[in-house]
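Novice: Listed here are the chains, written in short residue letters.
There are 2 protein chains.
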Amino acid sequence: MSLKLTILGCHSASPRVNSHPTAQVLQIKNHSFLIDCGEGTQVQLRKYGVKFSKIKHIFISHLHGDHFFGLIGLISSFRLLNRESELHIYGPKGIKEIITLQLKLSNSWTNYPLLFHELTSKKSELIFEDLKVEVHTIPLNHRVYTNGFLFKEKLGERKLNLNAINQHQEIKICDYQNLKNGKDYILENGTTLENKTLTTNPPAPKSYAFCSDTSYFEEIIPLIKNVSCLYHEATFLKDKENLAESTKHATALQAATIAKKANVKQLILGHFSSRYKSKEPFKTEAQEVFKNVLLAKEGETYDIL
Amino acid sequence: MSLKLTILGCHSASPRVNSHPTAQVLQIKNHSFLIDCGEGTQVQLRKYGVKFSKIKHIFISHLHGDHFFGLIGLISSFRLLNRESELHIYGPKGIKEIITLQLKLSNSWTNYPLLFHELTSKKSELIFEDLKVEVHTIPLNHRVYTNGFLFKEKLGERKLNLNAINQHQEIKICDYQNLKNGKDYILENGTTLENKTLTTNPPAPKSYAFCSDTSYFEEIIPLIKNVSCLYHEATFLKDKENLAESTKHATALQAATIAKKANVKQLILGHFSSRYKSKEPFKTEAQEVFKNVLLAKEGETYDIL
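Chains as they are written, first to last, in this note's numbering: chain E, 8 to 312; chain W, 8 to 312.
Any given hint could turn out to be false.
Chain copies aren't distinguished; within one or between two, either way the pair holds.
[Unchecked claim] Dumping the calculated DSS-like pairs for lysine-lysine here, alpha-carbon to alpha-carbon at most 25 Å: (1) LYS54 - LYS304; (2) LYS100 - LYS111; (3) LYS111 - LYS129; (4) LYS58 - LYS284; (5) LYS54 - LYS284; (6) LYS54 - LYS286.
No lab work stands behind these hints, which were simulated from the structure alone.
Can you build the whole structure from these sequences, using the hints too?
Specialist: The structure is reproduced here in structure tokens:
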């Protein structure tokens with residue numbers, strides 16, 4: 008199954024009627040991870056049919072408003088909807104104080120477990136892991152402490168080659184798990200059957216790197232090398248490179264340069280400044296150096312292959 | 008000139024695609040007062056053409072999310088728009104801490120003067136006054152500390168009756184201000200001209216009372232007596248009176264009863280629970296006891312006569 012990325016908002020700074028600030032949902036294995044949560048995200052979730060109950064982990068890149076002002080409202084609505092399951096929030100130190108202060112002053116503490124995982128490290132770290140998925144931070148270079156996030160499938164089990172296995176009546180169903188785990192099989196006569204003659208490789212794990220907000224920052228390249236899909240901010244076009252630099256944002260050309268140097272398979276551009284009416288020039292500019300470029304669009308779901 | 012009330016949101020609890028939480032703009036004299044600021048208010052302001060620069064005073068009734076989660080975003084957008092003029096925030100104690108904590112952690116202090124007027128009194132108090140307008144709190148009965156707000160025009164100057172004045176050549180233009188202020192005029196021969204023979208009454212001052220959120224609370228009646236227009240919350244219909252009572256909200260019938268007892272000229276109902284698809288039953292129910300009822304509707308502007 009592919010990963011699926013749904014864009015709820017992909018514009019920078021102030022929300023407008025048809026351009027919302029950053030928020031997106033990544034479906035990976037059984038998870039629906041919410042990444043950033045600008046003002047209005049809960050309405051965008053409803054608008055695009057993302058079930059609230061699916062969201063158990065929210066990753067906040069940084070504490071600029073266009074990336075988290077919708078979080079307190081979403082947390083509050085979960086309470087009104089009688090949520091019971093845990094909600095995990097990953098974000099910069101301070102986020103817990105902001106949220107709990109508001110819950111305290113409104114006398115509206117959640118009736119479900121609300122768990123904060125505050126981030127302070129300037130080095131990449133593993134912040135979530137289960138049997139099938141890992142999430143690592145990608146330290147970015149912005150005006151305040153900011154992390155991108157790398158979502159990686161783990162390498163799955165090897166696939167049974169039943170045609171090959173059925174040649175050997177000695178191999179029973181109870182042996183299958185060992186084969187899936189990569190073990191060789193030793194027949195009663197002492198012959199070793201190499202695992203690779205009985206199984207095939209698992210599908211290549213897919214990965215998604217979310218990098219916003221950041222200036223052009225080559226230090227992220229080793230962290231995102233070869234990812235299936237990179238979402239990189241492109242607030243400006245290259246004619247505003249000076250403005251990008253002073254505000255610690257990136258241009259479409261810079262995002263594409265990172266994509267090329269990191270050898271990613273696909274690049275999605277977003278976090279567009281509202282000064283641009285047409286987004287097509289972002290694609291054109293990026294394709295000068297990297298071909299497989301998509302433009303983020305609100306409400307669209309992208310298959311990450 | 009009439010007062011004008013624009014409804015930006017009139018629903019309770021969670022925002023949805025077409026039903027936004029409480030926010031409204033009152034135009035009174037030269038002011039555009041923003042009353043409450045639920046999530047998404049800044050987008051609603053844009054959608055309904057309210058100029059950001061007109062807003063210099065924001066009144067927040069209480070610290071439940073559906074009445075103020077949009078405030079931090081609006082304050083931030085004012086900064087991005089390079090606002091220079093003062094912004095005054097009136098609201099419960101704690102609001103300053105919430106806003107300043109977020110500005111501090113996002114390293115985004117405003118470049119315009121942001122002035123908080125925190126409220127703690129449980130008695131009505133005068134919180135704003137200029138030459139033409141007064142604003143008083145209306146302490147309400149809700150689950151947390153809550154104020155409604157009473158906006159009153161001051162009695163204006165008396166109007167000159169130029170036909171009458173022109174009968175007396177002695178009266179010069181430099182005397183007009185005294186006449187507007189209600190003074191009698193003494194002719195050189197010693198005769199006193201009563202002011203009312205030279206001027207007419209100023210227009211009756213108009214007033215608007217915003218009362219949300221609150222249970223049925225008769226203590227507000229003396230404060231809102233005879234107002235031109237009362238906005239009173241009606242979260243539920245009367246068949247949910249018990250739920251209204253336990254959540255400290257009101258029914259349409261209760262709102263209308265307050266309107267009748269306070270002898271207001273017009274009642275606008277709002278703060279509807281999202282459980283109701285049709286709002287017409289609110290009007291029908293209220294009109295059992297008070298005839299001049301309107302239903303708040305997003306995007307509508309009401310003339311208060």
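Novice: Going through the earlier hints one by one, which of them does the structure break, listed in rising order?
Specialist: Hint check: nothing fails, all pass.
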